[in-house]
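**Q** Listed below are the residues making up each chain.
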Amino acid sequence: MLWDALTLQLGYNATLVAIGASLLGVSAGVTGTFLFLRKRALVSDAISHATLPGVCLAFMVMVLLGGDGRNLLALLAGSALSAWVGLLCLNWLTRHTRLAEDAAIGAVLSVFFGFGIVLLTIIQTMGMGRQAGLEGFLLGSTAGMLWADAVIIALGGAATLALVMLIRRPMTIVAFDPDYAAAQGMAVHRIDLAMMGLVMAVTVVGLKIVGLILIVAMLIIPPVTARFWSERAEHVVLLSGLAGGMSGYVGAALSAMAPNLPTGPIIVLLAFGLFLLSILFAPVRGVLAALLRHFRFQRRVHIRQGLLAMAQGQKIYEPLTRRLLQRAGLIRADGVATEAGKARAAKALRDEKRWEIVRADQAHEAVAALYNGLRDIETVLTPDQIAEIDRRIGAPKEVPA
Amino acid sequence: MSGAEFVPLSLTPMLIGTFAAIACALPGNFLVLRKQALIGDAISHVVLPGIVVAFLLTGTISTWPMMLGAAGAAILAVVMIEAVRRLGQIEAGAAMGVVFTTMFAGGVLLLEQTDTSTVHLDVEHALYGNLESLIWLDASGWASLLDPVALAGLPPELPRIAVTLIAVCLFIWVLWRPLKISTFDEGFARTMGIRTGALSLALVITAAVAAVAAFDAVGSIIVIAMFICPPAAARMMTNRLEVQIGWSVLFATLSAILGYVLAGYGPLWLGAADAVSAAGMIATVSGVTLAVCAVLGPCRHRVGAQTSA
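Chains H and C supply the protein sequences, listed in that same order. Residue numbering for the first sequence follows numbering that gives the first Met the number 0, starting at 0 and increasing by one per position. Residue numbering for the second sequence follows numbering that gives the first Met the number 0, starting at 0 and increasing by one per position.
There's no promise every hint is true.
[What the hints assert, rightly or not] Taking lysine to aspartate or glutamate pairs in the DMTMM-like style, the calculated list, with each CA pair at most 20 Å apart, reads: (1) C/K179 to C/E241; (2) H/K38 to C/E90; (3) C/K34 to H/E351; (4) C/K34 to C/D146.
Hints in this document: simulated from the structure, not taken from any laboratory.
With the rest of the complex left out, here is chain C (with noise of 0.2 Å):
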């Protein structure tokens, strides 16, 4: 395949893919660890009903009141969850369920209610995104990489999900101990003065930022994917911390660009005419990682059930 047609049309979108499966991956290792992994889901969910608040109050879809409106959701969520958690002494699961669904609800009834005709909103869009638009029309091959004015017609996305993926790097390199010894044995954490609440706040709200950002760009069903496959995965490979999260990121990068080769390319080459959604054939192709690494990986079985190393 030539530059001049990889380059504008490809590139880009895998690009971006792949930044927001690494972003949500990264957290994701820490959430499945903590039992915490469908927390990915809940916000996913609930990213919905931001979107169209921000729509509401604003009026136009433009990018940083959608992706206020996206966070203060998620943020909403989460309060609301520990809250029906504790004041009603339900199980953290059922709570979870109960929010979810009814801000969900609310998004869509709120998405009826509102004349959204004239602007490229709806539900379809929020589940799945539109990975394949967001292509670099102003690239001619290769050299645009170096070339200032084709750079400026770059798709907004990227440089906002890079930014989101650096970020969540700081988050985990500058908080790595405290949050390691807390996901692993929260009592000891305690007594060595971590704050753990907070800890837990940061880092569902870290995760939060970048659901939303990978959400903006390629829907929901990649972020819950990637909250959750590549670090599933990893965590049949390995049975220590560092390398699980570097499994995570290999697989997750794995997945974005093979799921956007097939779902693209795929096609043509069984014959068909067009292309399937990007983001669906990347959630398929983690599941199917997972699945190799559940049915292969060197530290599958539970410890205790088998003997291994």
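Bound-form chain H, shown alone (with noise of 0.2 Å):
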């Protein structure tokens, strides 16, 4: 069944649904970076809210010219033409008014969406029951999809990507250093208007898919999720592509084996359970490698302590320091150090010595500034240096046992 539904051969509506949650989802992926490399994540919030008084005034306008307002196309035009106002609204708000952009984004949403509401009443009062189509809008419905709209998506996500692969050089400037770009003669303002005029594409074309209030996931899961990945701009974007489009085909296709599982959420608790793995495992940013890498500070601490303590004949209480010196047969289980564990102990006394000199000199004032008790002193000095210095220190004397 699963496999079935993977390769789409559970009939055609399955298909259509399949091919358009995937392209949306790349489109969402890849654009959706752009924002939240920007900081700017939850603009997609309010830009999908504010679509919604215009789905419903294009459906009035349709229903009073006479047809049956149902046209995707026009509701789409509809519901870009309501998001492009509340950017401005919001834009408007953050650049000319003293508002944060946060508030603004909370202003435009609720108030657009309360708006979108009242209109929605107001359509279900013209009578018909017509309007059941437009509350799919709000959670996507993709039940009833049709060829010509699976077209519209798919071209609109195609247009969506080609536009975002034409501009990404500046906008990926103005994400990293708005005042460099500015600097560098581009108009800041317009590019974050153009990359918040992509954002609303891809809101719109997903509006069909997953509906208003789910695509802000689409739009920001996939680019945090690639994020833990990489530390290039161009990786990351094209992760996030990756993982948003697989959730959308593995969500399409997991919704259309059993009724009840509706595609918009679907394909956000997969593209979640990308972040969660990311979050997890990734290799360098994620919490298992943070882990990794606390312990093994933690172990080189205890043990260069342990050595410290060993050289000045101290006894080392320290259950955990005891643990890790003798599990790398620096000492006995009677805490009596062995041979391997003198030597080491006593050029640990020796390098603390030789730092304590470098540090005290002006001529190595920018290598002393790498001393972190841990550090090596062979990696940062030559073996003539380290000559130099312990001539300075004398013969090495005995370790007491």
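Using the hints, put the two standalone chains together into the complex.
**A** So, in structure tokens, the structure goes:
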């Protein structure tokens, strides 16, 4: 069953939805990355909520003109228009009043959404129950997706993707360093608006599949996921597109397997699953990697302190230090240093003395700044320099047993 | 309009709307100043999974389990946002976006998976509430306000939101000084021995409680709008926190009453037959208030952007 779903053998509608969802996932992931890098991820929340009044208005206009009000293209055009108005309001509020961006986002999203709900109730009273299609825009509805709808979504997604690829350079520069971009003569404000415009396009395209509330997740979660795996913007963009596309495809396939599995939420939960894997297991930024790093560091500190204590003939009481030293073969079970332990301890003490001289010497200022109690002196000084320092310390003395 | 019509049909929804609006606007003042305005947005989204889980556990639509579920979800969301932010070193906004959308998706999925055909529990209801249905059928006129028999028939949402409002007022009144200091200068507050972390969490929990109680009566749109719009509009009117809170309460009340009236009677005046969504209209009115203040408010500019008193 799962295999059938993943290989698109569950019928015409399921295939359409799966293709549409994966295209949407890719373009949302790619576009969302720039938004995330610009630290404005939640602007997408405002944009998506601001589409509702436009959808309703477009529907009302179509009904008033005698149509049945279900033309997807017209509905999407309406939603794009009101999202654009919302975006301009948001920009105006942050640029010309004292409101911070988060307050402006919240104001725009709640007011536009509230107004949309008012329009929705007006449509309900216009009668004939035809608004059923509109409520689908809240959470997405893929059940009745037509070939024409799929084509619109596919074309919209592809066009957005192409535009993103065209202006990815300026968007990356603005995301990382707006001041530098301005100094280069770029119109930062306009590039920002273009970025938001692309986000809006993705939102509008995604309305049909995942709905206006969950499209936010598709714009935010894949970029955050991808960020764990790379420090390079291009790679993050690619990985984010991949994560979005994969969750879109698999999510749509899964939701086709059984009734009561709405597409939008499944896609979002899959994307979150990828996020969870990444935050836990990503190589450098992941939680597991951070824990391992922490333990490795702790081990080095304990061994170093243990060696210094041994060199000065002090007894070691700290259980973790004893365990680590014993495992490294530096002390015996009764706490007495082994031959290797004695040698290492003497070396540690000598290194400490060398560092002391280096740090007292103005000539070694740059090197001294690297001292952190753990760094091996061989990694920062040449053998000649170390030999010079050793001449000042004098010959090695015997380590007390 | 006669009392015989107004009291049973409009008085209680209006009062509930107003109380809910004020209960949200009060903590909203601090959230807006602390640049945490969107925590209200996040909370109102995660309320849905909370009530769905509560329904699954208890099998009934009773108030207390639902409120507890919603509050639990709100606190879980706050903890998760903080965890994602710290563990993943992710910017707060994105962390919030990851958590609340996922929890909302989970709520929708659970809702679709369970058989809720016998009870009134759906996403639309969660989004825009049913303020209009909170009528007081036992009332017959203004005299019913003194009639204990009729008072017993008040919709239970009214005392609940009133108690919440009092609790929110108490919280702000008791912790006024530390709240004010830590909002404007967190570092100074810490040197004075104020535990800013705990205070910040307490503020968010208060906001969550207000959101859950208001959500129960009026749906999540009003909650988000009232957390942000009245305080934001009030921010344009003054530079003093005390005055700002006064303005925000005024704006919240105005939005609630005007919104309800416009939704209930506006379409009738225009010749239409049916009322429109009161929750949506209240949010719209609050948006209009904010727009007016943003264009005309005496303190609308950033300090430094323009020399003003």
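**Q** For the pair we were handed, C/K34 and C/D146, check the Cα-Cα distance against 20 Å.
**A** 46 Å, violated
**Q** Hinted pair, alpha-carbon criterion (20 Å max): H/K38, C/E90. Please report holds or violated.
**A** With a Cα-Cα distance of about 7 Å, the restraint between H/K38 and C/E90 holds, given a limit of 20 Å.
**Q** Quick one, are C/K34 and H/E351 close enough, alpha carbons at most 20 Å?
**A** Status violated; Cα separation ~48 Å.
**Q** With the threshold set at 20 Å, check whether the alpha-carbon distance from C/K179 to C/E241 stays at or below it.
**A** Satisfied, since the Cα-Cα distance of roughly 10 Å is no more than 20 Å.
In this structure, the hints that do not hold are numbers 3, 4, in rising order.
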